[in-house]
Amino acid sequence: MTARVIAAAGLLAMAGATLIAQQEGVFRANADFVAVDVSVRQAGRPVTGLTARDFELRDNGALQDVADLTYQQLPIDVVVALDVSSSVAGRVLDELRRALQQVRSDLAARDRLKLVTFNMRIKELVGFEAPADAMDTALTRLAASGNTMIFDTIAVALTSSSSGDRRQLVVVLSDGEDSGSITDAGTLFDVARRTTPTLDVVLASSLASDAAVSARSIPATEALRQMYSALARETGGLVFNVDVSSALSTTFRRMLEEFRSSYVLHFVPSGVARRGAHTLDVRVKRPGVDVRARRGYVIG
Amino acid sequence: MLAFGMLWAGTFVFARQTFRSTVDLIAVDVQVVDHDGRPVLGLPTDRFTVTIDGRRRRVISTQVLDYKASSREPASAAGGVTSASAPAEGFTPPPRVILLAVDCTSFGVAASRGMLTAARSFVARLQPDDEVGLIAFPHGPRLSPTTDHARIMRALDSIVGERDAGPEGEFHLRPSELVDLSLWVNGFDRQGRDIAQRICGSSDPDTTRRCLDRLRFEVSSDLLSYEGQATASLGTLREYLAALSVLPGRKTVVLASAGLVTSDVTGGRPDVSDMAILLGKTAAEANAAIYTLFLDQSWMEQFSAETARPKTTLTNLARDSAVLGRWLDQFSGTAGGSFFPVLAGNGDPVFDRVISEMSSYYLLGVQLDEADRDGRVHQINVKVNERSVTVRGRTWLAVPKRGTVVAASSAAAPAPAPVPASAPVPPPRRVAADVQALADLYEHRDYGGVQARLAVTPDVATLLRDYRTGDNPWPDAPRRAAALGLELALNGLRHDNGFARDEAIKVLAQYQTLVRQPSGADAFECSWYWTEIAGLEGLLQPYIATPFVNRAVERCPKEARFQLAQALVTEQQYWIDERPTFSGERLTSSNASGQLAITRLYEKATADRETASEARLRLAWFLYRTGKIDRALELSGEKLDPAADRQLQYLSELTRGQILRAARQPDAAAEMFRHALDTWPGAQAARVALMTLSLDLGRAQEAAGIGNDVQHAPDDQPIDPWWTFREGDYRAYPAIIARLRELAR
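If you read the sequences in order, they're chains Z and U.
Sequential numbering from 0 applies to the first sequence in numbering that gives the first Met the number 0.
Sequential numbering from 0 applies to the second sequence in numbering that gives the first Met the number 0.
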């Protein structure tokens, strides 16, 4: 299951009267268009063939008109942020390399992949526009060292993601323990509400304990797991707990499939104050389906 | 002050007499004493049974060397003696060699005075031509055997008990409790678990959990500290005993100790049994008769005010005594020596007994089998067919190959023809090849080479153990050995291998003991601590660092940085122990007493100008993290010391910005972040802080731009000081270790 919301409102409002061109249509200026990624699944499988009328969307409790709906039409930008601190090393790192190659092969031609690594330093290793062999070279040269600034990395990845004409998925792989970010948990939630990408967090605690839990870092505590889970949910994303030996590639494939098979609802907020925090509630008028979507956004 | 470098055990080289073997006999010296320690004389040859490796050997002759008579003429045993060769004309028995060994770290100052008085009395009663040596280990005088007894007396006067109160700790664990809890820490023992529950049990599960965490930490820390201390002490003694092996004839070693905490249960810790046994073998190979005085202080200390928790039962006290004396018993047993626990007094009666027992001994002429002459070490056993007597003799014997020039103690006797003395031959040094290779690099200041070699060393745990238990690669430069030991240990602590980390901690604990200057810490000792602490702070291993920091504060009280380090590692430990809870989109912790303790430690560190600015900064950040924004705001607003370095200035601006933001002063916060970026251009943490603040202020494009800048920072961008903020003095580690290396030269 994957859910994602794009709060285009934030971007559009900031851009003023900019026209946002998308492949399947043009949105008018002078209005806040909000794009919401919605995952609808039944018994673990995506539910297809839904129309705008099947959805009920509320913004701060006010029922909204879904102006447009798309399914598997928008290109995808995937940002993978890899923890290369000393707490993830050896066999773990090998698995990460394999999983990343898997993602690249699963992307469609229009989709893009960017690789960011982080320990203390947050670094774009391979950009969206880089040729395929750049990724291979970068993966070969990955080496583990340093501490883990995961909160800072998430903040940077969410804030500096690509433009609003593409759907955006940020995937963070780490053992989850932060060792000194300047960003705290509260700020991270603010960032999540003010930015558009969906965040999936892959917690590789079993990887770390299996291969290389250094004394610098311990696997994520229960509180941290709860925090990542709440943070990912806020963006319509999920937390995955994986085992290094088998599950990484499978997990990546599942994340991408769920993200790709989400509906994107567009609406112009009405009946609510423009500025401030907006809480979203998305439902599907069918019994027995799981619906997952971003929980809110902020303007101003 | 006695220089650390001058006192290394490895410098002992004793004069050696050599004799040429002329017959296929070996001289075996044994003492035979009755129940009261009086020598039993007049035993005929046929009463002695000698076996080598369990196989009986023929006793050809016996002679009694009687030292009660001033002339020291050999006296034939009663009952007729068959000698393989008669004594040479003018032959006199060799002088007695007596070594006093004082385990300084086991004695408190007061207890050591009493024991030393008894030791002086003992020396005064020896015969003028007895050769007396002295070692106070791990620190103190070390004198080769001499007839200058006055010198020995003066050296005894200079010895002071060095026992600390034990590792600093909250729980003041008794020795036996520590042993039992060592099993609990490893998840094995029910008894240990019961003790832990008794110490930490409370009605509040959270309080109990925290207490158990602290207890587990304290036990682990104490165990490693004791094991390291033991290795330092016993290692020094072992080197001294090994050096004794070049002296001919039988030696008497009188070891005085108040004991060492050692496990008395299988699988328990501290475990120094391997060292005790090795020490015993070394003594046996040196042909040393061992008398061990265990001056048990535990009964006296029952009433001491030092302990916070009551010691209630006699059973516990007896167990504590057993735990303290165990290694001495093991050592004596392996050496074939005698173990005398002394529950009260200064040990005078035992010294009397030693004098009585060594007043005469038998010299047996034992016929060798050809198979014995292989140059290897063999087990030897001497029995006497006589009731109620005790035989004290060597338990190990190395018989040289035929034709080898050997020391009299293991060569043909009883009446060899003396030949001119050869040059002193030091015992072979035990330095592993890997250790020597690293030492060579270090000696040539190739510190990069040391690190490079360590990086490709497959088994760091073994390397560290070899370093710890082997001989000092530089007998005359122990400071250099201490500095290299520290660097090796810090490297070992970076490994994921638990054995390597354990060995590393033992190395640290060992050298902590060895760098100690009895007369007070000097520049080298304090520099060693500073390097160690900076390294441990950088490794974020406060549970290891804490006992060393506490020790550094005690040893170098004028070093303000150690006060600050104490606060820092306590805070590091706090964030590890405090499993935060997640609620309201915040990760919070609520241990008020822990927070107060850390606050007080930081406040203490603000008293010294050298550390005041940094202590205030760190305290402000700690208060911010624990939700005390107003106080944090106040502290962070105080002026920085003008002498503060650029890193500190940057950190001050960065943290002040975050605190202002939490106090809902976003514009002031943004300004502070920009100041921080002026101070440290391109700093990632300041950029990220400004990015999230800009986003919060609705300036998403600006925020996105900053975020992109962060990801595209050049590789040669200087390290952001924030990255090492949690790691205290580690940010200055290169300069700190460079100073130590120079002082170690």
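Misleading hints may appear alongside valid ones.
Below, a sample of chain Z positions facing chain U; criterion: calculated Cβ distance under 7 Å [unchecked claim]:
{"hint": "1", "residue": "R111"}
{"hint": "2", "residue": "M134"}
{"hint": "3", "residue": "I181"}
{"hint": "4", "residue": "T182"}
{"hint": "5", "residue": "A184"}
Just so you know, the hints here were simulated from the structure itself, not pulled from any lab data.
Note that CB positions come from ideal geometry on N, CA and C, so glycine has one too.
To see whether the hints hold, each was checked on the structure:
1. R111: 15 Å, violated
2. M134: This interface hint is violated because 16 Å lies over the 7 Å limit.
3. I181: 4 Å, holds
4. T182: With a closest approach of 6 Å, the T182 of chain Z hint holds.
5. A184: 5 Å, holds
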